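Given the sequences, and given the hints that come with them, work out the whole structure.
Chains G and F, in that order, give the protein sequences.
Whatever position you read off the first sequence (first residue = 1), add 1280 for the numbering used here.
Whatever position you read off the second sequence (first residue = 1), add 1280 for the numbering used here.
No wet-lab data here; the hints were simulated from the structure.
Owing to the predicted nature of the structure, the values given are computational and were not obtained by experimental measurement.
Hints should not be assumed to be uniformly reliable.
Which copy is meant is left open, because identical chains are indistinguishable; a pair holds if it fits in one copy or across any two.
What the hints assert, rightly or not - Mimicking DMTMM-like on lysine to aspartate or glutamate, the simulated pairs with C-alpha atoms at most 20 Å apart in a straight line are:
#1 K1490 - E1290
#2 K1382 - E1600
#3 K1490 - D1524
#4 K1490 - D1427
#5 K1382 - D1370
#6 K1582 - D1449
#7 K1490 - E1294
#8 K1490 - E1303
#9 K1382 - E1303
#10 K1490 - D1343
#11 K1382 - D1489
#12 K1490 - E1545
#13 K1490 - D1592
#14 K1382 - D1343
#15 K1582 - D1478
#16 K1490 - E1600
#17 K1490 - D1396
There are 2 protein chains.
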Amino acid sequence: MAVYTQLSAEVLAELIAHYDVGELISAKGIAEGVSNSNWLVETTGGATGGTRFILTMYERRIDLDDLPFFLDLLDHLAAQGCPVPRTIHDRAGASHRWLGEKAVALIEFLPGVSVDHPTPAQARSVGRVLAEMHAAAQSFAGARTNDLDPAESARVLAECGATALAEIDPALPAVIESAATVAHDWPHDLPRAVIHSDLFPDNVLMLGDKVSALIDFYFACTDAMAYDLAVTHAAWSFSSDGRDFNRAVGDALLEGYQQVRALTEAERAALPLLAQGAAMRFISSRSYDWIHTPADALVTRKDPMAFVRRLDFYRAHGSEVFGL
Amino acid sequence: MAVYTQLSAEVLAELIAHYDVGELISAKGIAEGVSNSNWLVETTGGATGGTRFILTMYERRIDLDDLPFFLDLLDHLAAQGCPVPRTIHDRAGASHRWLGEKAVALIEFLPGVSVDHPTPAQARSVGRVLAEMHAAAQSFAGARTNDLDPAESARVLAECGATALAEIDPALPAVIESAATVAHDWPHDLPRAVIHSDLFPDNVLMLGDKVSALIDFYFACTDAMAYDLAVTHAAWSFSSDGRDFNRAVGDALLEGYQQVRALTEAERAALPLLAQGAAMRFISSRSYDWIHTPADALVTRKDPMAFVRRLDFYRAHGSEVFGL
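See below:
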């Protein structure tokens, strides 16, 4: 949540001139994204359409070889009618440009706000749009390996080690073995597509009960569609600390999804394990970040225990929650 | 440059409902202001006019007793035709509200971008608008003491102490005595008004060569108008490190100002000293912040030497620069 790079008005205006969007009117650095700098940019408008855009500068984490995959995916999904921001291409047709050594992309601005306490109606809308996105992604030519799969989660947790994990919470070291088990049991033959894989409420913009935009596709990868649904279930159906499960929200999400795309029997049967794998993915990244972020850094460390609680919940109640 | 507080969409929507501005469409935390959190908010529009606003939450530093002064000042200057954002009043007529223990205000959004490398034409426009603001402020009933005057700068630098200042730069301790001299010689009978007193380029929005907005009035106070011009001269006419003086920009600023309001002889004669006082004000606050900010904090410490260089420049060349 920061703007890592300062861009002068002069540099911004020069950049914007490469796009058919008119003259620069306003640019505000916005506090979104953990690995990018973002500006909300306003222009006088041009043939590209629209007068407001998000300018993203890719600061780190993202493998720049993946950038065309992410940006082409946005264009593909938007063209299929999904509420996903289009990439604005420059006059030469490029979807990203360079400012010095950093890649930048100009992306359509879409309205909406992220909710903190979703209602069942909102979760149903998210479920439907997620299924529509999966359907639209079937015809997308690009592919990208999920480099945060359960095997990787298990590896990362083992690398963190029981000692360091115990310093975060005494209950955390036990997750090393759980992660290995989940990775061992993981199904590899479920129907796949390009998935979002990080569809937390802050990556969904809503107007009332309706999804107006899915954003931040920088973890998108090719993997099981039902896994994406499980991630979204873990992200939407709990209080952020993982202590309270909201059954009505979880059910509405599953219903909304299946109104558009019915799960196969194998997918449905796999959901409890997929949800544990989803919890594992965030336990591992949060544990790693916790151990590698100084306690006095101004960055908020996210507690991995919030997802250990989800993991425990899915182990105990997964079959019931997913109607098995 | 941060968003200190997270506000959920639900809380934002509830807040916005107290204003006649329509429904909340979008809200982005923006990286502006050093002591406030700010959001760029979009709504469907209402009787208040406009669909875009800056929501400011006052986090610290500002004495909340001063808030009505700042917000009323914006309204007064805007009503006088100055390019200053209006305060949006809620349905009950209040210019600020409370979210828990923090005050918030909804402020008109004005277009424009802040320039890093102003041209003479831009500086001339800034000079004119500054003089127009001073003229418009004459009829403003509010008043606020300048709590960062030369006496205070001298006190702060003395409190920092030669030892701590020398650790920042060996040349810095000498400023303690200079500050006392400037404070001693300070003129107290120059024409006064409510002044901005912090009109750096990042507090001015421009469209091309034209000023579209003066913003961030949270250092506004009642003091000599010529001092405000001196602050603006120090802020606009140098490279940020203070090493390079841009005579054409400085001259254009002074010309622009005097096209609207001619300086008195006493003001003109005082400018070299006022400019040294302006430099002192930023040397003292930057030194204080430097000493009180850990070196490894993620906040960028601003080098007081950038204004020691300006101080030295004004001492050596002030008479010539101000045409005396």
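(request) Identify every previously stated hint that the structure contradicts and give their numbers, smallest first. (result) 2, 3, 4, 9, 10, 11, 12, 13, 16
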